[in-house]
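**Student:** Each chain, letter by letter, is given below.
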Amino acid sequence: MYSKKVMEHFKNSANYGKIENADGIGKVGNTRCGDVMWIYIKVEDGKIADARYETFGCVAAIATSSMAIDMIKGQPVDEALSITNKAVAEALDGLPPEKMHCSVLAEEGIKAAIEDYKKRGDGVPS
Amino acid sequence: MYSKKVMEHFKNSANYGKIENADGIGKVGNTRCGDVMWIYIKVEDGKIADARYETFGCVAAIATSSMAIDMIKGQPVDEALSITNKAVAEALDGLPPEKMHCSVLAEEGIKAAIEDYKKRGDGVPS
Amino acid sequence: MELKYYFDYNATTPTDPRVVDEMRAYFSDNFHNPSSFYRRAGEADYAVETAREKIAKLVNAESREIFFTAGGTESDNLAVQGTAYQLKEKGNHIITSQIEHPAILKTCKHLEKNGFEVTYLPVDKNGFVNPEHLIESIKDTTILISIMHANNEIGTIQPIKELAAIAHGKGVLFHTDAVQSTGKIPVDVKELDVDLMSFSSHKIYGPKGVGGLYKKAKVKITPIIFGGGHEKGLRAGTENIHGIVGMGKAAELALLEMAQEEKTLRALRDRLQKEILAKIPEVIVNGDTDKRLYNTLNVSIKYIEGESILAMLDQQGFALSSGSACSSKSLDPSHVLLAIGLKHEDAHGSLRISLGKYNTAEDVEKLIEALPPVVERLRSMSPFWKGSDGPG
Amino acid sequence: MELKYYFDYNATTPTDPRVVDEMRAYFSDNFHNPSSFYRRAGEADYAVETAREKIAKLVNAESREIFFTAGGTESDNLAVQGTAYQLKEKGNHIITSQIEHPAILKTCKHLEKNGFEVTYLPVDKNGFVNPEHLIESIKDTTILISIMHANNEIGTIQPIKELAAIAHGKGVLFHTDAVQSTGKIPVDVKELDVDLMSFSSHKIYGPKGVGGLYKKAKVKITPIIFGGGHEKGLRAGTENIHGIVGMGKAAELALLEMAQEEKTLRALRDRLQKEILAKIPEVIVNGDTDKRLYNTLNVSIKYIEGESILAMLDQQGFALSSGSACSSKSLDPSHVLLAIGLKHEDAHGSLRISLGKYNTAEDVEKLIEALPPVVERLRSMSPFWKGSDGPG
Ligand SMILES: Cc1ncc(COP(=O)(O)O)c(C=O)c1O
Ligand SMILES: Cc1ncc(COP(=O)(O)O)c(C=O)c1O
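Chains as they are written, first to last, in this note's numbering: chain D, 1 to 126; chain V, 1001 to 1126; chain C, 2001 to 2392; chain F, 3001 to 3392.
A couple of the hints might just be wrong.
Stated by the list, open to error - Each computed SDA-like pair below joins lysine to any residue, with the alpha-carbon atoms no more than 20 angstroms apart:
no.	chain 1	residue 1	chain 2	residue 2
1	C	LYS2113	F	GLN3086
2	F	LYS3366	C	ARG2040
3	C	LYS2109	F	GLY3229
Claimed, not checked - Rough simulated footprint, nothing fancy, chain V against chain C, three-plus residues with beta-carbon under 8 angstroms:
no.	stretch
4	2307–2318
5	2338–2346
Everything labelled a hint here was simulated from the structure, so no lab data went into it.
Just so you know, even glycine gets a beta-carbon here, dropped at the ideal spot from N, CA and C.
In isolation and in its complexed conformation, chain D is listed as follows (with noise of 0.2 angstroms):
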């Protein structure tokens, strides 16, 4: 039912854990659901030079956690912004139609973590 992809951001996937004194924090998704995602990102340069997920969820839920951070991992902070849950469900090499609301998941912690990280910067404490 996962593409091979899939499994091996899930089975391999290095990049969880917290960061502490991280830049921004995103938290979204609820237990109802079964979906919960945490998203730390440290911001360098305007840039984000390191991130982290800590998940509670399926398959589907560790793995585009994992590769969503992958994808972020040293981009300018304004291009990690825009990517989409497409993006991340199609470097998944996809998703089953009824995890795409993962990749949404994904792409809803990264937006949290970065406004959270744009709030601070504004003087906003978290």
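Chain D is fixed; fit chains V, C and F with the ligands onto it per the hints.
**Tutor:** Just chains V, C and F with the ligands now, with coordinates in the frame of chain D:
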């Protein structure tokens, strides 16, 4: 579904055919239901000297006809009259429930033949 | 396989040994529940979907239009009840024919007790529904027309394409019971343009206990068995994997071998018909002799009764069936034979010979030899045979 | 048979090779239609009736009270729809529980759309229906109570005898879905005094595609599949002979071997439970730990999600199931786990381990070894695990 006795009578019956100049003929059943039985008797000295049948019908109809003939041959007419459908069925080691009507036909056939014989004796031609 | 003298292929067929081979792995090895998560379950799911494709190919449908059931009877029930309940707000009138299988007729009788109205179209002496009658019978409230493709008793093949076109001209859904035709003759749902079509595995050398329904993608019907959402919610229940795989293989083989079988069996059947008519006087051939299943021969042997014929033939190892009441465990003879206008006694005296791929020329010769003496003996016992007064 | 690491016997079982052997003759040799006239048909009929006797013996019923269907789902539908439609003039209220199989729940939902009223009784944290609740729920219009015997997810075994007695005290019919208990634990219809009881072949090492319904002789229900009058008119369709023969053999074996299996599997299950609780912190055992199927262990592994666990274990060849939404293809996690009061995240994090007769002690040790590192890794990815803020 049928007892061995039934199948023997069905396969080996020798009592069928017309009796020319019979003393009594009983015609029972109808083609709608699929069973028609004609019983011929020849009476001598108050006894049934010869009897035969012609039957259009299923295995049970043919076997009960054959058995009924065996049972009345040589019997005094009034004893033949008292033969019941149950006796015919029992003599065949039983019949499937949905075939019991065939034994009823045999009893009715005998009765009708004897009635016909008696009517003729009363000067009433059949 | 001991199949000598089996002439009842329209009742059921032996499972082709190649089909049995194909099923073997799906009992104890690939037994997993297709809807489970793990990899082995994916293999079961793949096997089910591959079978679905094979069946779709046999009837020229899309895979997603094929739904598995437990047999032809369930498919007929699902089609008729499912349409009736789905469209009950739209109308309550159903049209079918008098010669349908009990799976359709009894379902219609049941619906009649539940607020539906059913028209049972008569057929002519060859077993054909008259398209004019169909047109006249359609009302504003008509929601379904269900006419069988090939009749199981007499083999008559209805002009389904024409009848379906009439239905669609009036905006009415059309179902056909193709249990006897699918796998025997080319059946193309797109060409026939039916909305729903039933078929069954055990009539085409597949295993018993499995069948299917073709449902045109855009047609919506209500399920009759509810549960775990299998078959896209149309028919719940853990998949009968070995059965489905077996039916798939049977469909594949049917597609490959149908043309050859038709040639062989038609020749055998025609020879049987010719010889029976030549050797036995006063025999009626039932059903249309042109538009008829090539494996089916139904005859009425006048003045004698079918069960007796079956019993005498059974003694010699022949397996056949009859439309007589006695052999069908009801009081009335075949409703199909009565519908084509046979007298009761001729319906009682009918014999259905249905051939299949394991019949040999020798089988046929043996039957041709065996039948006349049996008929002669039974006629000599019959009050209606020559020299008698004739039926009362 | 490659059955290493299969822990999903409540989903389906492999067919016992002895059962496959028994079925073998019924595909291509004894394939005849049991209702046909000839002798070989009589043999098929005899095989079907012999299987019926074996099943009757397993559940202490009379043969004539056993009816064959295509599986547990159809049996549940037949029992519930059949009673509802039979008694619709008498009343329209049905009582069931919140933890039934979808075969019952979806059927009830369907009936609700068609004029029936359904009460879904809650259960306590161990999964038991409260008899007091049942008593309070019965109305004048109640026509059927349907409560499952053993639950497929958590294994809780209901006090059916007591519940059936309550039903009968009020003159209401009682059905139990015994799909998970029949063949695993002693099930005696006379002792339980139920009116209707469903069971299924593929849960007890019989073939898929066949099941059955026990119906007390004096109870009348309406068929849901109409046709040729098979199964005394209760369920039409050419008999699935090999399936029926297989289920009969499976029933015979179950009766003989049940006690031994219980001993072995209970020990394995108990060891699994003990070791999992010892090796993995923060695990909840779901279902009653006393009145529970001896082969079933359902646990919630906190802070992680079930499908991920299944996927990691699947990589190592383990086949299990979960009540998580993801593994069930719906958005909500198991309705059973929610009904016993689990939080959504704990329901999502559940694992069902269901053992069967081909499980070995080695299988169990391997699972005990494999599970902790999987849990550890997934927890290390989880925002809710130690050092995190806990569930949001
Ligand atoms: C025309 C027709 N329809 C339906 C059926 C029922 O199919 P099944 O026996 O698979 O339930 C049959 C055969 O019995 C049939 O010949
Ligand atoms: C409790 C229960 N009832 C009913 C069913 C349905 O049985 P089947 O899969 O044979 O249709 C199952 C299994 O799927 C079950 O566990």
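**Student:** Work down the list of hints and note, for each, if the structure agrees.
**Tutor:** Here is how each hint holds up against the structure:
Of the supplied pair hints, the one linking LYS2113 of chain C and GLN3086 of chain F holds, its CA atoms being roughly 12 angstroms apart against a limit of 20 angstroms. For a cut-off of 20 angstroms, the pair hint linking LYS3366 of chain F to ARG2040 of chain C stands: about 19 angstroms separates their Cα positions. The suggested pairing of LYS2109 of chain C with GLY3229 of chain F holds, with an alpha-carbon distance near 13 angstroms, which does not exceed 20 angstroms. With 5 residues carrying a beta carbon less than 8 angstroms from a beta carbon of chain V, the stretch 2307–2318 of chain C meets the three-residue requirement, and the given coverage holds.
With a cut-off of 8 angstroms between beta carbons, the stretch 2338–2346 of chain C has 3 residues touching chain V; three or more are needed, and the interface restraint holds.
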